[in-house]
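Colleague: If you read the protein sequences in the order shown, they are chains A and B. Here the first sequence is numbered in our numbering, starting from 1 and rising by one per residue. Here the second sequence is numbered in our numbering, starting from 1 and rising by one per residue.
Don't read these hints as lab results, they were simulated from the structure. Watch out, some of these pointers could steer you wrong.
Here are the computed lysine-lysine pairs in the BS3-like style, where the Cα-Cα straight-line distance is at most 30 Å [what the hints assert, rightly or not]: (1) B:Lys616 - A:Lys315; (2) A:Lys198 - A:Lys181; (3) A:Lys93 - B:Lys616; (4) A:Lys92 - B:Lys307; (5) B:Lys616 - B:Lys402.
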Amino acid sequence: MVDRFISFFTSLRLTVACLALALVLVFAGTLAQVQIGLYAAQSEYFRSFFVYWTPNGTHWKIPFLPGGWLIGLVLLVNLLAAHIKRFQLSRKKIGIILIHAGLILLLGGQFLTELFQVESQMRIQVGDSANYSESPRKNELAVIDTTDPDKDRVVAIPESIVAKGGEIRTPGLPFALRVEKYFPNAAPAGPMTGDPEKIKAADGIGRQLMFSPRPITHTMDDVDLPAALVQAVSDKGPIGEWIVSPRLTRFPANVQLQEQLDSIMPDVKITAPQTFAFNGRTYEIAMRQVRYYKPYTIKLLAFNHDLYLGTDVPKNFSSKIHLTDPSTGDDRDILIYMNNPLRYHGETFYQASFEPGDKVSILQVVRNPVSLAPYIACSLVALGLVTQFLMHLFAFARRRAQQAKPLPPRKAPATPVREPALANGKGRRL
Amino acid sequence: MKKWLPLMIAALFAAWFLGGFQAPKPKDGFNIAGFGRLPVLLDGRIQPMDSVARNSLLSISGRSIVRLTNGPPLSALEWLMETMTRPEQADQLKIFRVQHPDLEGLLGTEKIGLEYYSINDLTNQFDSIADQARKLLQSEEGIADRVKLRTPFQKDLMHLYNSVELYARLKSSLEPQGTRDFARELQVYEASIGPGRAALTNSQQGKPADDEAMQRIAAFFKRYTTLSEMAYPMIIPPLPGQSRQDWRNIGTDLMETLRSGQMHPAATNYAAMADAYHSNNPAQFNHALAAYRVWMQENELYPALKKGSREFFFNQIEPFYKSMVIYVAALLLGCIFWINLSEPVRRTGFALLVLAFVIHSLGLGFRMFLEGRPPVTNLYSSAIFIGWGACLFGILLERIFKGGIGLVVAGFIGFSTLIIAHHLALSGDTMEMLQAVLDTNLWLATHVVVVTSGYASMFVAGILAIIYVVRGFFTSTLTPDVAKTLSRMVYGIVCFATLFSFVGTILGGIWADQSWGRFWGWDPKENGALLIVLWNALILHARWGGMIRERGLMAMAVFGNIITSFSWFGVNMLGIGLHSYGFMDKAFPWLVGFDISQVLLVVLALMPLRFWASFKAPASPAPPAGPSLPAPSAIAM
Chain A
1 MVDRFISFFT SLRLTVACLA LALVLVFAGT LAQVQIGLYA AQSEYFRSFF
51 VYWTPNGTHW KIPFLPGGWL IGLVLLVNLL AAHIKRFQLS RKKIGIILIH
101 AGLILLLGGQ FLTELFQVES QMRIQVGDSA NYSESPRKNE LAVIDTTDPD
151 KDRVVAIPES IVAKGGEIRT PGLPFALRVE KYFPNAAPAG PMTGDPEKIK
201 AADGIGRQLM FSPRPITHTM DDVDLPAALV QAVSDKGPIG EWIVSPRLTR
251 FPANVQLQEQ LDSIMPDVKI TAPQTFAFNG RTYEIAMRQV RYYKPYTIKL
301 LAFNHDLYLG TDVPKNFSSK IHLTDPSTGD DRDILIYMNN PLRYHGETFY
351 QASFEPGDKV SILQVVRNPV SLAPYIACSL VALGLVTQFL MHLFAFARRR
401 AQQAKPLPPR KAPATPVREP ALANGKGRRL
Chain B
1 MKKWLPLMIA ALFAAWFLGG FQAPKPKDGF NIAGFGRLPV LLDGRIQPMD
51 SVARNSLLSI SGRSIVRLTN GPPLSALEWL METMTRPEQA DQLKIFRVQH
101 PDLEGLLGTE KIGLEYYSIN DLTNQFDSIA DQARKLLQSE EGIADRVKLR
151 TPFQKDLMHL YNSVELYARL KSSLEPQGTR DFARELQVYE ASIGPGRAAL
201 TNSQQGKPAD DEAMQRIAAF FKRYTTLSEM AYPMIIPPLP GQSRQDWRNI
251 GTDLMETLRS GQMHPAATNY AAMADAYHSN NPAQFNHALA AYRVWMQENE
301 LYPALKKGSR EFFFNQIEPF YKSMVIYVAA LLLGCIFWIN LSEPVRRTGF
351 ALLVLAFVIH SLGLGFRMFL EGRPPVTNLY SSAIFIGWGA CLFGILLERI
401 FKGGIGLVVA GFIGFSTLII AHHLALSGDT MEMLQAVLDT NLWLATHVVV
451 VTSGYASMFV AGILAIIYVV RGFFTSTLTP DVAKTLSRMV YGIVCFATLF
501 SFVGTILGGI WADQSWGRFW GWDPKENGAL LIVLWNALIL HARWGGMIRE
551 RGLMAMAVFG NIITSFSWFG VNMLGIGLHS YGFMDKAFPW LVGFDISQVL
601 LVVLALMPLR FWASFKAPAS PAPPAGPSLP APSAIAM
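The task is simple: from the sequences and hints, build the whole structure.
Modeller: The structure is reproduced here in structure tokens:
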């Protein structure tokens, strides 16, 4: 039994099967992007153990393909097992060993990257500074104690907890938060619209502006903008009730919404913070993009967006920034441009985008603790491939030098080939 | 005699190529070539007038010449001259391509099958075409991938609409359309600037002003404002001391003249050329042209002149067209050799192949020199490069193994990729400026070149496998020796392809990590490259494991063509992802056709041996020697 188990996991057939499945998966996952967008395809096909099919009109989840993680994991086990079982250090095998060691590192490194990489964005207007970056997709419910004019105290609750509903108690807050309603994607609704479900709050903007649910989006460019009706409750009873949503805080959705409202309800200012007082302290409540605070500040000095003369083709995007870090004493100007990011404090800042008008630059901020893995892995594999290739080439050249005449038949098994050529070999094991 | 024949034939072809080095003769006394060399700025780069002519004509009519019913065809440059200075003649030239029957119906033509129209043929219907085009554009507003959703009729309609617009702009690129005496007009204009400005100042300050002078200058201003919106290439170079990027079109320049009060020497010279061409005065034309060139040399524009002349020369020698023709010849000779096994035929083919490769390399090198870039910068140049790489493989294979296989592979891929490149060139300038993210010679020289070499080797392996299948199935020429040789070739080249595609893909990951902040993002183009790597790994492991033998290897190598073409073209057609700068959709039916043909070949490869012409003959001993596993020591794991 154990033998069979071992021979299964060390077999070359398993490798071939995994490679074939990976091929199908990558192909299917690429085509799927046309329908469901890059982000959804990534999580459904590549960052999953199984790819599910949901027939129309049902809620069934029928797995029809192994997902990226499953294939990757089996391949990794297969690679490791085969090498452990048959490891022998010889000159002739050095290339093969290098290649596969590199592959193991590559697969493992990508796996860790998927787990630990954090991507966020820093949006700065020319002349402004920022000390945090924001997640492009994840939101948080933030309750900010703004009593102290010099320092805000922020308690942030991930959206996933809000989504569960019910009461949220945290040691950072002297009151509880009760999620009365939560929509994963929502949009403002007028009093006249016929939406079957609407939320309205007793306090804050929610008195004037109602929200109703929207279907969840999948595309790369659209993000879901949730909304929740949250009540703050102390031991003595309710303090107040507000509607919170990134629609009110997230650029550019908030600006667009404000523009729409200006014509109907000119007195409503959606960017105005929703505040309340409790026990002599002032609090602000909002649902916003998850923020990652930095111990340093980045000021955008200038943003440049050059076009080739007489065309719309961008020639260059660049952001000139000034970095101030009290902890290290760094205080300098830096130019970030395409293919030339800033690496600082374990994070990398890329010129990712800009907003129309060329006044706002958007930097992509990536924290990846295993970012070096692919570099090392690739060097190993490339070295192995070149070694292997050169050995073959020299062997070939030597043979040709020895035999001026056509190549003699190599010692080959005497089996006739009158058998199906595909998928019928003896399955020579590693 | 026989010994020298191959070289003599190759020398003939070489002479044909070298013939293109000669500058074209003046036509009716006009130094057209000199005009074609003049540098202008278009699409963000300095290029000769000749390139403007060629790219415009290609995109309007799909051809690089204009065929006439009476007399020899017009070159693109001659056509541009006519268009810019004698529009009444140019309006009669049949250059507008109409393909869709419904569009022909819309044009109300009775003649079925007439593909080309002149602008005069279109005049009556153009309003309805423009109307339809505008409606289409309106309906598409706000739809992201609108171009992709167009029906063939709509595509043809928009092509015609855009062509007519481009044509109208070209007509107003040298002078306002229909001008008789532009030089005189400019003199009057220059003379009226002073009084006009004085009158304007007076009128603003409430003093008595010369109304006539003001009106005259206002009329000029209006005329040149319209001109500045229409004029296409920027033909007026920067003056000494101005930024080298500060080129202008003729209209913008004349508006600027209003401010400076000084006529730009380039405008004066171009006006003289336009008038001379219009009034059929070669001496005056050549004189103005020479004067303008001298002025440019003396005013810091020598580099632009040089660039113009070089690119003109490159256009003139047509290295890719000529090597394409020679590839076909080599391909045919390779096929003939398989039939009659005549060694001189093979050697002639080989000599031609080498010649085609040399010309191809010259073209590739010249392009790199002109652009100051590594060889592959866009889809067009990737086709050129794949052909080049495959041809290099073919030459090596032919040198090592002899037997015509290398000839056929190189001839076939060289020819096909250059045809593909030709069609890609129809969409416009092939030396276009690069998007900001691509503007890095380091990664273009490494990642792009290596990945493209991977494509090239995949296609070489695929075509070798096709040769195996076709020769084996339909003819009895696939002897065990040939089969064995092919099998070794395919195996070796798949190893090559693995090396290139893996290293290339990884380099791409590193580039992505450097510029977008992630090593791998499952973007379609990345996935396409990964598919090739996976497929190669699959072939190699299946073979090492004995799961496939000779024919299995061949079937898989043929299928590799599908995967490679998907990675090269297919993913661009999805119209999504970060790499969508190589977008094209016209090739979709071709890609599908190609894939179907490859599937059929795979099916053939898997047919039982009794159907194979080469294996059923009782004379041939045991079917091709057993599975040619490489020595276990070299391949184990």
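Colleague: Would you mind marking each hint as holding or not holding in the structure?
Modeller: Checked hints:
The suggested pairing of Lys616 (chain B) with Lys315 (chain A) is violated, with an alpha-carbon distance near 62 Å, which exceeds 30 Å. For a cut-off of 30 Å, the pair hint linking Lys198 (chain A) to Lys181 (chain A) stands: about 10 Å separates their Cα positions. Our distance criterion of 30 Å between C-alpha atoms is broken by Lys93 (chain A) and Lys616 (chain B), whose separation comes to about 41 Å. Among the hinted pairs, Lys92 (chain A) with Lys307 (chain B) is inconsistent with the structure: their alpha-carbon atoms are about 53 Å apart, more than 30 Å.
For the proposed pair Lys616 (chain B) and Lys402 (chain B), the alpha carbon gap of about 26 Å is at most 30 Å, so the pair holds.
In summary, the structure is inconsistent with hints 1, 3, 4 from the numbered list given earlier, while agreeing with the others.
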